[in-house]
Structure formats: C-alpha cells, structure tokens
Amino acid sequence: RDTQAREGENLAEMATVEGGKGRSPRGIRSSLSGMVQGAAAAASMAQSPLRRRSSSLGSGKGSLDESWEVGGKYQIKRDSMPMWVGPEVNEMVGELFKDDIVLLLRMVQAGGRPPLGFVLPAGGMPGWIPLEDWFSPGAGPVHKVKMPGSWTMGARYAVISEATVREDRMISSEWVAELVPGDEVLALELTINEGDDEDNKIRLRMKISTDSGTVGWISPQTARGEMLLHHVNLLGSEVVDIVRKSVAVTRSNSLMKLSSWKSTTSNTSEESSPQPGAKQRSYTPGQTMPWEVNGQYRVLEATKLKETHLLTSRDICRVPAGALATILRLELRPTDFCPVALVTIQGDGYLNGCKGWIRCTSTEGHDIIDFRDQHQFIKVQARLAEGERARQLREAREAEEAEDEDDGDG
Numbered sequence: 020r021d022t023q024a025r026e027g028e029n030l031a032e033m034a035t036v037e038g039g040k041g042r043s044p045r046g047i048r049s050s051l052s053g054m055v056q057g058a059a060a061a062a063s064m065a066q067s068p069l070r071r072r073s074s075s076l077g078s079g080k081g082s083l084d085e086s087w088e089v090g091g092k093y094q095i096k097r098d099s100m101p102m103w104v105g106p107e108v109n110e111m112v113g114e115l116f117k118d119d120i121v122l123l124l125r126m127v128q129a130g131g132r133p134p135l136g137f138v139l140p141a142g143g144m145p146g147w148i149p150l151e152d153w154f155s156p157g158a159g160p161v162h163k164v165k166m167p168g169s170w171t172m173g174a175r176y177a178v179i180s181e182a183t184v185r186e187d188r189m190i191s192s193e194w195v196a197e198l199v200p201g202d203e204v205l206a207l208e209l210t211i212n213e214g215d216d217e218d219n220k221i222r223l224r225m226k227i228s229t230d231s232g233t234v235g236w237i238s239p240q241t242a243r244g245e246m247l248l249h250h251v252n253l254l255g256s257e258v259v260d261i262v263r264k265s266v267a268v269t270r271s272n273s274l275m276k277l278s279s280w281k282s283t284t285s286n287t288s289e290e291s292s293p294q295p296g297a298k299q300r301s302y303t304p305g306q307t308m309p310w311e312v313n314g315q316y317r318v319l320e321a322t323k324l325k326e327t328h329l330l331t332s333r334d335i336c337r338v339p340a341g342a343l344a345t346i347l348r349l350e351l352r353p354t355d356f357c358p359v360a361l362v363t364i365q366g367d368g369y370l371n372g373c374k375g376w377i378r379c380t381s382t383e384g385h386d387i388i389d390f391r392d393q394h395q396f397i398k399v400q401a402r403l404a405e406g407e408r409a410r411q412l413r414e415a416r417e418a419e420e421a422e423d424e425d426d427g428d429g
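So in my numbering the end of the sequence shown lands on 429, straight run, no missing numbers.
Where hints are given, some of them may not hold.
Straight-line distance between alpha carbons at most 20 Å, and here's what the computed EDC-like set of lysine to aspartate or glutamate pairs gives [to be verified]:
1. K96 x D152
2. K117 x E151
3. K323 x E350
4. K398 x E208
5. K323 x E383
6. K226 x E203
7. K226 x D187
Because the hints were derived from the structure by calculation, they are not lab data. Quick caveat, the model's predicted, so the values are computed rather than measured.
With the sequences and hints as input, model every part of the structure.
Structure (structure tokens):
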C-alpha cells in the first residue's frame, strides 16, 4: 500500500510539473476517456527504423535498450504494481504482477523526470505506470528490453488474418481496403485510437503501406490480443531462417513425390505449410525483376561473389546468408537467363565494401537475394511527402483559380 501510495504521489507530482490538475472520472468509460485526454499532449515515441539498439530484440538479458518504443512489449519486474487512470489522476484502474507482459501505447515525460507509460496488459484494461524509478533513472519496475511480439516502425510484417484498412487511425473512419493472409505491410507509424469503437476499447493502430500502394490504418492485433500480423520483421535477419526452412520443406516434399517407393495411398496433405513471409520465387522469366538499382536487399543463402556476371568468372569471396547487398546494376546472364546483380556488400569484417557479381536466384528458381528492399520505409515516406506537396500545390492553384473567377464575375 505504501508503494502504491508513493507511486500515486509521483504520478500526481509529474502532472503538476506539466500543469495538469486532478479530476474524478465517472465510471469505466469516462476513465478510458480521461486516460486518452491525459495522454493527448504527449508525443508518441516515434523511433527511426534505422536507430541502433544496444541489445537484441527480446533477449531479456544483457544490456538494456537505449529507449522505450511505442508498440514495444515489455516485462514487469516488480511483484505487484498499480495502473492509474491518468498521469494526473491518482486513481487505480488495475494491477500488474511480476512477469506480466504489457504493450506500450504511449509515453510522456516531463523534462528530466522518469517516463510514464500508457500500457495495455494482455486481456486487461489500459492504464498508466512509471516505466523507471523516480530516483534511479534507467532502473525501475519494467524491464527495458523489447520482448518477442513487439511492433516496430519501419518493419515489414506478413498478414495472417483478415484485416480492414481504414483512412484514419480512428476505427470509425472510412473503409479503404481489406487485407488477406499472405499480404505484406510496411509499418509507417504507431499510435492509438481514441476508444471510438463500439466497445470503447483503446487499441494500438498502425499506419501501413502495401506493395500495391495502398496506405491506411489497421490494428496489428485485436482488442483481445489476437494477432492479425505475424510479429517477425521480414526485413530482419529472421527472414533467412524462415525462407531456409521453407525451401527445405519444398525440396523434401518434391523428393517424396518423386520417390518410387512412396505408397500411392500415403497422405500428401501432411506437407508442412510455409511460415508467413516465406515467399521463395519472386521472379518469373519474361517479367519485370522485383529488384531495383540502388535498393538494398538481404542475401538469403550463402553464395559466391564473382568478378564478372559470367558463370565461368573467378570467385572473389563467399557471401554468407544474412549479409546485405546494395545493387549497382542488374542484368540477365546470356547463357542461362539467370538474373545477376553487381553489388556492394554490407557485412562484417573483410566483407564490408566488397564489390562483385552475384546471382539473384538459384538454379531451382528460388530467391538468393530477397525481394524486400531495406530502404522501402525511406522511399515510401518520400513518396508520401511528395504526394502531400503536390496536393497542397493543387489546392492552392484551385483556390487561386476560384478567386480569379469571382473577380471576373464581379
């Protein structure tokens, strides 16, 4: 009780620093509304997808992350701790216990003071908690390491359940499109709605872009915590294992089908299904290549870096799976029509900066270079910014023309 009282006083004191005043909510719906209003002035922690962090995602051990990130899932360290209605309201809305996992929806921090987080526990109501200790910045009741299943701005995710894309972060906004399992989305922004759905639930909302150019807002998970997107970032190194396993399963199934000893009565429906994002063949001869010059792509399996694009060319070195390659030139090799690329390697040690030719697909046709561009986030943001500038110029021109017409009528 003493601990809860002290935390309540700390929350109230921080609200005083920001000029907030206490209030008494009326019922759960008004409490939820109060939480959102209390967070309205707080800027969400928009982190660059290229920002380096001091530990691996969800490692749970070792050094801590450099910063808290909206969309991150974090583990409670304290035996028990209260959640409060708002940063400026000393009223409990729930309680958390050791090893609980919470989703960070929003964060607020008065200058120099420990941050407060608006968090959502699995299957519970959201509330505000201190993320770090009052007198020990960097330490506190929440382990500062993102857990598996966290969402990250700039990451690319596979859709695993039907999801509705809407025009705005509000769930009541206009319909834009429907996503189906197998689609992939790029996370552009993370924030919350205002509890505007029929159940008055506050949810994490993600602004996304698809390969077809659709831009809008979805929920990466339902209010009950059910995943609509697969949590693995397909731009990360994890995609190497996903594709490797998928290729191994495909080869195994093909061998089984070709084996003369296999019984015709055996059940062929038991083949393993590929994991989300395990696309193996992105290029079909005669069609446009999925790779672009100046794009950066992940190498999915170990391959040889050669001096020229020819098959008989001398080997320079071996490029391991997981390395990144920036494409400088693309060609179809004349002998076998295999797509090949002149690349610069971004890797560890002597590999970094190596330049040479690698094939983009294997002899079997599956990808050696992933088709997902590591620079996609930057490119989409630039395209959206250019579109917004064009819209503003168009509106200004239309307004000017309307004004000229009014002057002419006068």
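A quick look at each hint next to the structure:
At roughly 12 Å between alpha-carbon atoms, K96 and D152 fall within 20 Å of each other, so this suggested pair holds. Of the supplied pair hints, the one linking K117 and E151 holds, its CA atoms being roughly 15 Å apart against a limit of 20 Å. Annotation: proposed proximity of K323 to E350 holds, straight-line Cα distance about 17 Å (limit 20 Å). The straight-line distance between the Cα atoms of K398 and E208 is roughly 15 Å, inside the 20 Å bound, and the hint therefore holds.
About 16 Å separates the Cα atoms of K323 and E383, which keeps this hinted pair within 20 Å; it holds. For the proposed pair K226 and E203, the alpha carbon gap of about 13 Å is at most 20 Å, so the pair holds. Between K226 and D187 the CA atoms are separated by roughly 8 Å; this keeps the pair inside 20 Å, and the hint holds.
Against the hints set out earlier in the document, no violation occurs for any number.
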